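Asks: The listed protein sequences derive, respectively, from chains A and B.
For what it's worth, my numbering labels the leading residue of the first sequence as 1, then goes sequentially.
For what it's worth, my numbering labels the leading residue of the second sequence as 733, then goes sequentially.
In case anyone wonders, no lab produced these hints; they're calculated from the structure.
Predicted, not measured: the structure shown is a model, and the values here were computed from it.
Check the hints yourself; a few may be wrong.
Cut-off 35 Å, straight-line C-alpha distance, at most; resulting in silico cross-link-like pairs (DSBU-like, lysine-lysine) [stated by the list, open to error]: (1) Lys487(A) to Lys842(B); (2) Lys409(A) to Lys372(A); (3) Lys73(A) to Lys841(B); (4) Lys909(B) to Lys865(B); (5) Lys46(A) to Lys841(B); (6) Lys828(B) to Lys73(A); (7) Lys81(A) to Lys814(B); (8) Lys119(A) to Lys311(A); (9) Lys814(B) to Lys887(B); (10) Lys234(A) to Lys81(A); (11) Lys909(B) to Lys130(A); (12) Lys610(A) to Lys81(A); (13) Lys909(B) to Lys311(A); (14) Lys909(B) to Lys81(A); (15) Lys36(A) to Lys909(B); (16) Lys380(A) to Lys662(A); (17) Lys46(A) to Lys828(B); (18) Lys46(A) to Lys848(B); (19) Lys887(B) to Lys81(A); (20) Lys610(A) to Lys547(A); (21) Lys36(A) to Lys887(B); (22) Lys865(B) to Lys36(A).
Partner residues are not named here, just some residues of chain A that face chain B (Cβ under 8 Å, in silico) [what the hints assert, rightly or not]: (23) Val39; (24) Ile50; (25) Gly52.
Some but not every residue of chain A turned toward chain B, in silico, with C-beta under 10 Å [to be verified]: (26) Gly35; (27) Glu37; (28) Val40; (29) Tyr42; (30) Gln44; (31) Pro51; (32) Arg233; (33) Val236; (34) Ser362.
Note that beta-carbon positions come from the ideal geometry of N, C-alpha and C, so glycine has one too.
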Amino acid sequence: MIDSEFDRRDFLKVLGWGGAAVALSGCGNTSIEDGKETVVSYVQAKDYVIPGVAVYFNSTCAQCDAGCSITGKIREGRVLKLEGNPESPINRGKLCGLGQASVQHHYNPDRVREPLLRKGDKGETISWEKAYGLINEKLAGVKGDEIAFLTGEMSGHQKVLLGNYMDSLGSGNHFVYEAVAPAVVRAANLKAYGVEMPRYRIDKAKVMLSFGADFLGTWVSPVHFAQQYAAFRKGVDGQRGVLIQAESKMTLTGANADRWLAVRPGTEGILALGIINALGIATGDVAELVKDYDKARVSRDTGVEPSHIDKIAAILRLRSPSLVLAGSAAEGYVHGMQNAEAINLLNHVLGNVGKTIEAPVSVPFPQLAPSKGSTASLKKLNDDLASGKYKVLFSIATNPVFTAPASYKFGDNMAKAGFKVAFAHYLDETALQADLVLPLDSEMEDWGTHVPEYLADAAQINIQQPLMERLHANTRGMGDILLALVKQRKPEEYKAFDDYYGFLRFAMLQNKNALGGAEKDDDNFWNDTLSNGIVKLSPASGALSAKADVGGIKLPAPKEADKQYPLRLIASVTSNLRDGRHTNQPWIQESPDPLTTIVWDSWVEIHPKKAAELGVVEGDIVKVTSRTGSISAQVYLFPGIHPEAVSIPIGRGHEAMGRYAKGYGVNPFSIMDAVFERETGELAMHETNVNIAKTGQRVIVVKDEGPVGGKQMGRRVAVSRSTDQVDLSKEV
Amino acid sequence: MLAGFLMAVACHAATEPLTTEDALGPQIQQPIEFPHYRHAGNRNPVDPTNSDPTKGGMEINCQYCHTYARRSLTAGIPPLQKCIGCHQNIPSVRDKPRIVELFKYWDAKKAIPWKKVHDLPDFVRFNHERHIKRFIEQQGRPVQEVCGYCHGQVKEMTTARRQKPITMGWCVSCHMKDHVVVAKGEIPEGGTPLGKQDYWYTFQKPQEKKNAEGELTAKGPNDCWLCHK
Numbered sequence: 001m002i003d004s005e006f007d008r009r010d011f012l013k014v015l016g017w018g019g020a021a022v023a024l025s026g027c028g029n030t031s032i033e034d035g036k037e038t039v040v041s042y043v044q045a046k047d048y049v050i051p052g053v054a055v056y057f058n059s060t061c062a063q064c065d066a067g068c069s070i071t072g073k074i075r076e077g078r079v080l081k082l083e084g085n086p087e088s089p090i091n092r093g094k095l096c097g098l099g100q101a102s103v104q105h106h107y108n109p110d111r112v113r114e115p116l117l118r119k120g121d122k123g124e125t126i127s128w129e130k131a132y133g134l135i136n137e138k139l140a141g142v143k144g145d146e147i148a149f150l151t152g153e154m155s156g157h158q159k160v161l162l163g164n165y166m167d168s169l170g171s172g173n174h175f176v177y178e179a180v181a182p183a184v185v186r187a188a189n190l191k192a193y194g195v196e197m198p199r200y201r202i203d204k205a206k207v208m209l210s211f212g213a214d215f216l217g218t219w220v221s222p223v224h225f226a227q228q229y230a231a232f233r234k235g236v237d238g239q240r241g242v243l244i245q246a247e248s249k250m251t252l253t254g255a256n257a258d259r260w261l262a263v264r265p266g267t268e269g270i271l272a273l274g275i276i277n278a279l280g281i282a283t284g285d286v287a288e289l290v291k292d293y294d295k296a297r298v299s300r301d302t303g304v305e306p307s308h309i310d311k312i313a314a315i316l317r318l319r320s321p322s323l324v325l326a327g328s329a330a331e332g333y334v335h336g337m338q339n340a341e342a343i344n345l346l347n348h349v350l351g352n353v354g355k356t357i358e359a360p361v362s363v364p365f366p367q368l369a370p371s372k373g374s375t376a377s378l379k380k381l382n383d384d385l386a387s388g389k390y391k392v393l394f395s396i397a398t399n400p401v402f403t404a405p406a407s408y409k410f411g412d413n414m415a416k417a418g419f420k421v422a423f424a425h426y427l428d429e430t431a432l433q434a435d436l437v438l439p440l441d442s443e444m445e446d447w448g449t450h451v452p453e454y455l456a457d458a459a460q461i462n463i464q465q466p467l468m469e470r471l472h473a474n475t476r477g478m479g480d481i482l483l484a485l486v487k488q489r490k491p492e493e494y495k496a497f498d499d500y501y502g503f504l505r506f507a508m509l510q511n512k513n514a515l516g517g518a519e520k521d522d523d524n525f526w527n528d529t530l531s532n533g534i535v536k537l538s539p540a541s542g543a544l545s546a547k548a549d550v551g552g553i554k555l556p557a558p559k560e561a562d563k564q565y566p567l568r569l570i571a572s573v574t575s576n577l578r579d580g581r582h583t584n585q586p587w588i589q590e591s592p593d594p595l596t597t598i599v600w601d602s603w604v605e606i607h608p609k610k611a612a613e614l615g616v617v618e619g620d621i622v623k624v625t626s627r628t629g630s631i632s633a634q635v636y637l638f639p640g641i642h643p644e645a646v647s648i649p650i651g652r653g654h655e656a657m658g659r660y661a662k663g664y665g666v667n668p669f670s671i672m673d674a675v676f677e678r679e680t681g682e683l684a685m686h687e688t689n690v691n692i693a694k695t696g697q698r699v700i701v702v703k704d705e706g707p708v709g710g711k712q713m714g715r716r717v718a719v720s721r722s723t724d725q726v727d728l729s730k731e732v
Numbered sequence: 733m734l735a736g737f738l739m740a741v742a743c744h745a746a747t748e749p750l751t752t753e754d755a756l757g758p759q760i761q762q763p764i765e766f767p768h769y770r771h772a773g774n775r776n777p778v779d780p781t782n783s784d785p786t787k788g789g790m791e792i793n794c795q796y797c798h799t800y801a802r803r804s805l806t807a808g809i810p811p812l813q814k815c816i817g818c819h820q821n822i823p824s825v826r827d828k829p830r831i832v833e834l835f836k837y838w839d840a841k842k843a844i845p846w847k848k849v850h851d852l853p854d855f856v857r858f859n860h861e862r863h864i865k866r867f868i869e870q871q872g873r874p875v876q877e878v879c880g881y882c883h884g885q886v887k888e889m890t891t892a893r894r895q896k897p898i899t900m901g902w903c904v905s906c907h908m909k910d911h912v913v914v915a916k917g918e919i920p921e922g923g924t925p926l927g928k929q930d931y932w933y934t935f936q937k938p939q940e941k942k943n944a945e946g947e948l949t950a951k952g953p954n955d956c957w958l959c960h961k
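Given the sequences, and given the hints that come with them, work out the whole structure.
Replies: Structure below.
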């Protein structure tokens, strides 16, 4: 039903006029345009360039840290489309939606194009020479300890160069920050298996029990896991794999599970111990640990029915090997480490270690291995900044002002550093606080090497190469910038390298033999490397510790409901938005959330039962208040969430960054309490309690599902005016 | 309508070069007044050295410069390098104003901003490669004749000027004609054997019987998506 004043008769009238217009323009005249456009030919064309025929180059996707290899389609010197590179064992020719959207990062109209120096509230365009000179000037007389570097996960030769630059400055303050990294799980894995990130063989498992690990959507290496998952569903020995997902808010993986269990927030560890108890196969320490976790108690604590615990135990006993995963839903609590350890213990009890949990492969060049991101590092940086420790701060493509909980007051603390340099793609919240903003090349204009944290079957170094010329003359690659900076300090050592490309080529050729190029000459090896986009290596493989360690697992009883703030806030990570660094890519904004189908806006996910209790319906604007602050957003009723929890996705609610990000939705980080995981010091993202109040406003939720979606889409466009007078940007 | 009918009748003898409706476009100012007639025009039989450009050209194959046409859907414009490749070895015309202008671009390594003469709307995909495959390679027709179906007698022009309407109706008028299906050996220049799929796929099925002149004919494709992808 479209409720508009426009009826069928009017529609036919308009159609008639439109038809007449077409007929007129077709009468004797031609729509061909003579001499209006310019056709610019090449001056000198490469042999392989044929206008209208695409060429393909391999590179590496940089939208997240999974390190998928990509093949870019390039026509007339412009990159048009990306697909996965089939040669990569990580993504095997596939690419996720986030990766597909990276062309919109490259062509984004809001990219920073010139180096900008703060002049009051404005940025003044300066030259690169002046910018480098300024950095040199500001560093003069500053002790190494007073300089801090904030980056996201970094690997490859860029990390090496950054390390060299930091050495030359005498600074050891490298803060690697990722807002949604699995840092607690890494720590728990190290304890349980002796490695931070083992290889999970989903494809070998017959049953999977995942505690909030959204491995199909956002967790670690989703494209790789999705393919393993396909093999898992096809089944080992013809037995279709069974997936059980236990979490408080349904993720994309949860939606694919055979059985989805809503657990009370924070009780994932208790459920894990309850299952060990129900299995009845544990001995010794483990049996001692779980003896109090009988079905009745576990069911009371977690909200999972006793019959379900029995069924899970039964299927885990029946089918082996299985695989148990601890994901972000389990780790986001004060006792997140305990949760994850209890879950990992299940793998030991079931004998999965060594079967579906394998030793990781690593690249035999430890200096290229990734520096792993965490939120604890940002906390440390924030504390240091607050105490005025740093005089110069370098922020490399990170946006902590957006993703730090508001109670950090990161923006204010950042201001205490005397000189702040932001290397940025957009004028995001952090770049706006900087004194000097240096524009970066997009990933499709820059050189680089990457070593992903999670390597699949083989050790590999991923090559990143420009897919096209720079769009904007004054952006620079991070590698080139670091090289220029390190040249300021050690001109003699680096004088041989004109640019980062030269450095990269030299560094790779130096290790030619170890990189499998012993039989090739330099040029052949280098050309093959660029053409493949990947260097595969014989892996250096570690061993797993097979012994279960129960020391220290002590799970708290579930929290009593807070009177003032009765609901738990789950700041959810969605597969397209992640931590919000890509929100300015309109494809990301317009692609419907996989579970709610909502586009271009944030929402507060509430269980229908809870909503009835609160008297809210879909579309009500509610005020969500925590101890830290409050935000308002539209309600979406969703049965896939525990009634004691509400969920707001992270990634939206930007106050800067660009036209497609600014002003859309709300940022749950702005109401997140600064509560930390006890052992690792990571931000406990699920420990914020909130209450909900109606504001009295109501909107139509813009989403794909249901008849309302259809109505939204057809809204008023081209009905009141003829099509050539409609300004679509205002209508839609 | 009537004109179309008459035209169809006029073109019935399919072995003749295809003739279609003319519609002369405007003369377009180009950065360099490129003399097509000098490059592609017929040789002057009286004076084979062609010392007088008004008397003849060099009969250079269209595809020598427009090399992308047989490889891609767009014909493209030859890279500047191509012009220079010959002209750096032709000192006799080096001082002519147009050539001086050409070398100015080359020395500055700047592309020449030619204006589009045949600019189809963005929702139309015309594929040069297919037409060249079909008429030049399969049927062995002369290159200038085939290019001329749409571009007119470029060999007689300086800079190209649109000669045909290039409208959809005009395209279709040719696709509706009964084209002679030629098999190997039936024409001296050779052709593709009958019955092979790679020959038929752009055609509608030929008529079962030969026409009055003893020829087997078929129509061009009439699928919307062929041009409107």
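Asks: Going back to the hint list, which numbers does this structure go against?
Replies: Failing hints, ascending: 6, 8, 11, 12, 13, 14, 19, 20, 32, 33 and 34.
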